[in-house]
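Undergrad: So the protein lines, in turn, are chains A and B. My numbering runs 547 ahead of the 1-based position in the first sequence. My numbering runs 547 ahead of the 1-based position in the second sequence.
A couple of the hints might just be wrong.
No copy labels: a pair is met if it fits in one copy or bridges any two.
Said to hold, decoys possible - Keeping only pairs whose Cα atoms sit at most 30 Å apart, straight-line, the calculated DSBU-like set for lysine-lysine is:
no.	residue 1	residue 2
1	Lys676	Lys558
2	Lys620	Lys676
3	Lys569	Lys591
4	Lys591	Lys653
5	Lys620	Lys569
6	Lys653	Lys676
7	Lys717	Lys591
8	Lys569	Lys717
FYI, nobody ran anything at the bench for these hints, they're computed from the structure.
Protein chains: 2
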Amino acid sequence: MLELAVLGLLKERSMHGYQLKKSLSETLGPFWQVSYGALYPALKRLRAQGAVEEVFPKTKVGRRRNVYRLTEKGERLFTELLSSAGEREQDDMGFRVRLAFFRYLKPETRIGVLERRRAALYERLAELKQRLTARSDGYTQSLMRHGMDSTQRDISWLEDLIQAERREAKRPRRARRTSPAGTKEGA
Amino acid sequence: MLELAVLGLLKERSMHGYQLKKSLSETLGPFWQVSYGALYPALKRLRAQGAVEEVFPKTKVGRRRNVYRLTEKGERLFTELLSSAGEREQDDMGFRVRLAFFRYLKPETRIGVLERRRAALYERLAELKQRLTARSDGYTQSLMRHGMDSTQRDISWLEDLIQAERREAKRPRRARRTSPAGTKEGA
DNA sequence: AATTTCATGTAATTCGTTACATGATTCC
DNA sequence: GGAATCATGTAACGAATTACATGAAATT
């Protein structure tokens with residue numbers, strides 16, 4: 548998961564660890580805060596795998612920094628992680644992270660991911676419905692009811708995303724205008 | 548967290564590990580699935596702490612089972628975990644687990660827990676609002692918007708719970724009728 | 001008799017956190 | 001010159017997962 552996020556950010560532009568942590572919390576907001584104790588070892592692992600490589604600055608300037616760039620291999624790993632991510636579709640955080648880098652996926656693949664996620668949420672909904680009828684106290688009941696509400700809303704949201712994706716897929720695809728992307732703030 | 552849940556279930560009735568796992572998924576539904584590799588060591592730890600103790604059946608019958616009962620010490624530990632739980636109020640799962648055992652808390656304490664949770668969600672909301680205005684692509688924007696929606700709904704739900712708690716606190720408290728509790732299915 | 005379900009556990013591995021350690025650079 | 005912040009890393013620890021290992025009782 549962390550590796551996916553790191554690769555995704557590096558795809559946009561090369562960065563060093565400290566910067567990655569900032570970008571990470573900017574992109575994922577309150578959903579996910581990473582610590583350096585997780586980040587630096589992850590970078591190390593990725594470098595060992597050959598998914599990222601160090602960039603050496605021509606002019607040694609300012610602070611010490613280890614800037615990393617995504618390699619070819621890293622690109623492949625990224626796409627693989629992004630489209631499947633181990634099929635753990637019940638993982639809420641995992642889905643959010645993947646969505647944050649969705650623009651890098653092929654539209655057809657996107658729809659697949661969204662539909663699998665939707666299926667997982669339907670399962671959850673059924674499970675919650677069961678628990679609701681089971682004997683339980685008022686708090687647990689409220690928990691399940693609220694859980695059902697939330698899940699239903701998540702599903703509706705997904706439906707919207709899927710619909711948007713389908714429209715996008717059908718439309719003759721000139722100049723893909725999904726987002727302003729990362730051209731701002733040059734390294 | 549696991550320990551809290553185990554203690555909470557054992558408070559209702561003594562059980563063995565296998566049974567605990569079932570009760571756990573019945574109580575928390577799809578929110579939390581525990582594995583034996585987590586459960587058995589947890590029971591071991593709790594026994595070592597003296598929070599639970601083994602119950603020896605008078606008549607050795609049927610399968611081999613290690614049935615555990617909550618001790619005095621376990622009761623205290625449970626209440627402590629339940630009311631504070633490390634003040635990690637951003638932990639969604641943690642809050643759900645605590646709510647599942649809310650009936651064991653004193654009403655005044657309940658309100659405190661709910662209000663701290665609400666405060667944490669307001670923080671999250673503010674954070675999400677920031678991320679929304681920040682430069683980001685359509686998917687991330689959608690993620691943040693949906694996150695705000697969900698968080699706002701969680702807050703409303705909490706408000707309801709708090710209101711209900713306040714009403715309950717005010718009312719002259721005869722025969723507390725919160726739930727049918729655990730008298731069913733005698734061991 | 002064979003299979004399923006009940007039941008308990010351990011070992012290897014993964015993945016993360018907190019706390020610590022270190023030092024350079026920039027800002028005041 | 002001193003404080004803040006930038007920047008990188010390691011070590012100890014914690015908590016969970018998966019896979020493995022084992023075996024008894026119940027079901028078919």
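Undergrad: Could you run down the list of hints and mark each one as holding or not?
TA: Cross-check of the supplied hints:
1. Within a single copy, Lys676 and Lys558 get their C-alpha atoms only as close as 42 Å, which misses the 30 Å cut-off; across copies the closest is 26 Å, which meets it.
2. For the identical chains of this complex, Lys620 and Lys676 are neighbours neither inside a copy (44 Å) nor across copies (36 Å), given an alpha-carbon limit of 30 Å.
3. Proximity of Lys569 to Lys591 under the C-alpha cut-off of 30 Å is restricted to the intra-copy arrangement: shortest distance 18 Å within a copy versus 40 Å between copies.
4. In the homo-oligomer, the alpha carbons of Lys591 and Lys653 lie at most 30 Å apart inside one protomer (29 Å), although the nearest pairing across protomers, at 49 Å, exceeds that limit.
5. Taking CA atoms no more than 30 Å apart as the test, Lys620 paired with Lys569 passes inside one copy only; the shortest distance there is 25 Å, against 44 Å between copies.
6. Only between protomers do Lys653 and Lys676 lie at most 30 Å apart by alpha-carbon distance; the minimum there is 29 Å, versus 35 Å within a single protomer.
7. When the C-alpha separation of Lys717 and Lys591 is checked against a cutoff of 30 Å, the pair qualifies neither within a copy, at 42 Å, nor between copies, at 58 Å.
8. Taking the shortest Cα distances, Lys569 and Lys717 never come within 30 Å of each other, neither inside one copy (37 Å) nor across copies (47 Å).
In this structure, the earlier hints numbered 2, 7 and 8 are contradicted, and the remaining ones agree with it.
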